[in-house]
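Asks: Each chain, written out:
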Amino acid sequence: MRGGLAATATRTVAAGPRVAALLLGAACVAWTATPLRHIGWANLTLAAAIVSVAAGALRLALSEVPQPEDEYFLSAPVRAWLWFLSALRLPPWEEIAVVALVWLEVLHPARPLHTAALGAGLAGYLLTVHIAESGAPAGRLLRGQAKVLAVGACLLALGAGAAMLPAAGPGAGSSLLRVLAAAAVTVAAALVLPA
Amino acid sequence: MPERKDVAVHWRLSRHARRLLTLAAAGLLLAMLTRRAELVGLAAPALLLLAAARPVRPARIGVRSRVTATRLYEDEPAAVDVTLEAGDLDGQLDVRWTLHAGRGIDPQSATSANGDAARFTFTVPRWGRRETGTVEAVLHDRWRLAEGRLSLPLPAIACYPNPATQRTRVVLSRLPNRLGEHSARVPGEGVEFTGVREYVPGDRQRQINWPASTRRGRLQVNTFAAERSQDVVLLVDATSDVGEPGSSALDFGLRGAAGAAHAYLDARDRVGVITYQWGGARWLAPSLGRRQVYRIIDSMLDVDSGWSRGTVFSRLPRAALPPGALVVVFSPLLDQRFVEALRDMRERGFILLVVDVLNTEPPRRLRFTDVMARRIWRMEQQAIRFSLRELGVPVVHWDGVTPLDLPLAPYMRRPLVVRR
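Protein sequences, first through last, are from chains A and B.
Just so we're aligned, residue 0 is where the first sequence starts under numbering that gives the first Met the number 0, counting upward by one.
Just so we're aligned, residue 0 is where the second sequence starts under numbering that gives the first Met the number 0, counting upward by one.
Fair warning: there could be bad hints in the mix.
As the list claims (entries may be wrong) - Listed next, the in silico SDA-like pairs over lysine to any residue satisfying Cα-Cα at most 20 Å (straight line): (1) A:K146 / B:R53; (2) A:K146 / B:Q91; (3) A:K146 / B:A52.
Treat the hints as calculated values from the structure; they're not laboratory data.
In this text the structure is predicted, and so the values were computed from the model without any measurement.
Given these sequences and hints, build the entire structure.
Replies: Have a look at this one:
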């Protein structure tokens with residue numbers, strides 16, 4: 000009885016980060032997709048993002064299903080199931096989702112605050128996927144990286160703020176300079192960050 | 000103390016690091032292309048998480064590993080213990096161990112475990128020499144951005160067939176003149192009382208039977224049976240491995256032979272083994288002692304079932320098949336040449352006792368020809384057993400489950416008479 004309760008509790012603890020990763024991924028997709036755009040393969044990118052987030056969540060859910068090696072004379076349904084598992088586990092779904100979401104954001108007109116929130120959401124999504132995948136204790140992992148995450152949030156806000164400032168001049172170079180400045184601040188922060 | 004080995008570690012970026020790198024690269028690249036500063040901010044957290052890591056990547060790392068038993072019986076539990084010895088890096092690396100069990104190894108615990116040390120338990124369901132497999136460890140640094148992998152091959156193990164239960168022994172009527180534990184038919188210095196005879200000078204005083212001496216008026220002494228040992232040769236037919244794995248004829252043959260080896264060696268008999276198999280016969284000369292059990296089983300583990308080339312036992316040296324030895328045969332009696340070899344041995348005067356380990360039949364089918372073939376096959380089998388019995392070779396059937404004492408009971412109550 001006690002063993003059964005312990006097993007249920009372990010399963011619940013393991014399911015938490017997986018569900019959180021799915022919800023964060025779905026939220027990022029919804030956040031980026033609105034309002035819907037129909038330019039520059041936006042529909043295709045949106046479909047890719049949805050499929051990637053869903054497949055990533057499914058991969059996490061099925062991560063503990065064993066994949067037998069060197070089996071002979073398998074039935075067609077078992078072979079199909081094994082093929083499905085390997086197809087699910089091989090592609091880097093989260094990377095595809097991230098690239099698709101960033102591209103989808105680019106297709107929208109500039110909206111710095113919206114982009115900053117997306118950045119926070121994507122960082123959270125990737126950390127949650129990592130926690131769900133590795134089984135590492137979330138509290139300890141986040142406490143260890145709290146300073147870095149705080150600096151990252153500041154830079155996110157700084158980037159959004161820089162984008163909202165009016166350009167110094169009408170030339171194309173001024174926007175490029177702003178990008179370079181933001182990148183320089185990020186790199187400087189990375190260099191001075193304590194270990 | 001488990002053996003320590005320095006194992007090479009192959010490091011690479013973890014999946015988490017690759018994802019962060021993708022986000023950072025996508026944000027920076029698109030920021031430059033579209034000249035939108037907020038995309039640099041989007042890339043910033045990922046970039047910082049990557050930059051904050053301090054690489055701890057030892058090229059080699061110490062691992063202690065131990066298999067609790069390299070020789071075990073079928074279904075006997077064993078375990079693999081592994082411990083990481085990171086030295087100065089203790090506590091800085093997260094370790095996940097995974098056991099990749101070899102073929103024929105049945106894990107009994109979870110095959111993955113976290114922590115510096117891990118224990119994996121397993122059993123081997125069927126006899127034979129088995130590769131235990133490998134233990135793989137995945138190491139992560141404190142930030143989980145680098146992933147190191149190491150692989151540790153485990154030693155091979157020998158799984159012995161579960162010996163059948165045999166508590167009693169078949170004893171020959173004529174035993175060689177060698178001290179042992181079986182009562183012989185000749186008088187000697189044993190403990191089994193055989194009769195009373197008249198005293199002759201030189202007899203021990205303590206052997207005088209006083210009640211009989213009083214009755215007869217002359218001194219009478221007790222006589223005892225001599226105690227002798229016998230030579231036993233276990234003959235295992237490995238040419239036909241029919242039946243389901245785990246309960247095939249060869250499985251039963253080896254288990255029966257292992258049980259018989261235990262039983263006869265416990266009675267201080269000299270026991271040897273001959274395995275009739277693909278490529279000829281392997282033999283081990285009869286000998287005494289506890290070690291002989293393991294020598295016999297080790298010899299039997301190398302059997303290779305298949306079509307025999309027709310070994311003739313007359314070519315075996317006298318040491319492998321001593322005259323006057325009791326030959327206990329474990330066979331399904333399916334190979335005609337093996338049966339011929341048994342007849343040949345009997346005609347040369349060897350005392351044989353055949354334990355029939357055939358416990359399977361051709362599949363039952365409805366077609367008339369199949370039914371007829373099955374009946375003919377049965378009649379052939381009965382004829383083989385009948386012909387052996389006619390030659391004076393007892394054939395007993397053993398189901399592989401009950402103790403061997405049951406089928407052998409008729410031959411254990413009294414000595415097996417040697418007829419030449």
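Asks: Determine for every hint whether it applies to the structure shown.
Replies: Verification of the supplied hints:
1. A:K146 / B:R53: Between K146 (chain A) and R53 (chain B) the Cα gap is close to 15 Å, so the pair holds against 20 Å.
2. A:K146 / B:Q91: holds (19 Å)
3. A:K146 / B:A52: Holds, at roughly 12 Å.
In summary, this structure violates none of the numbered hints.
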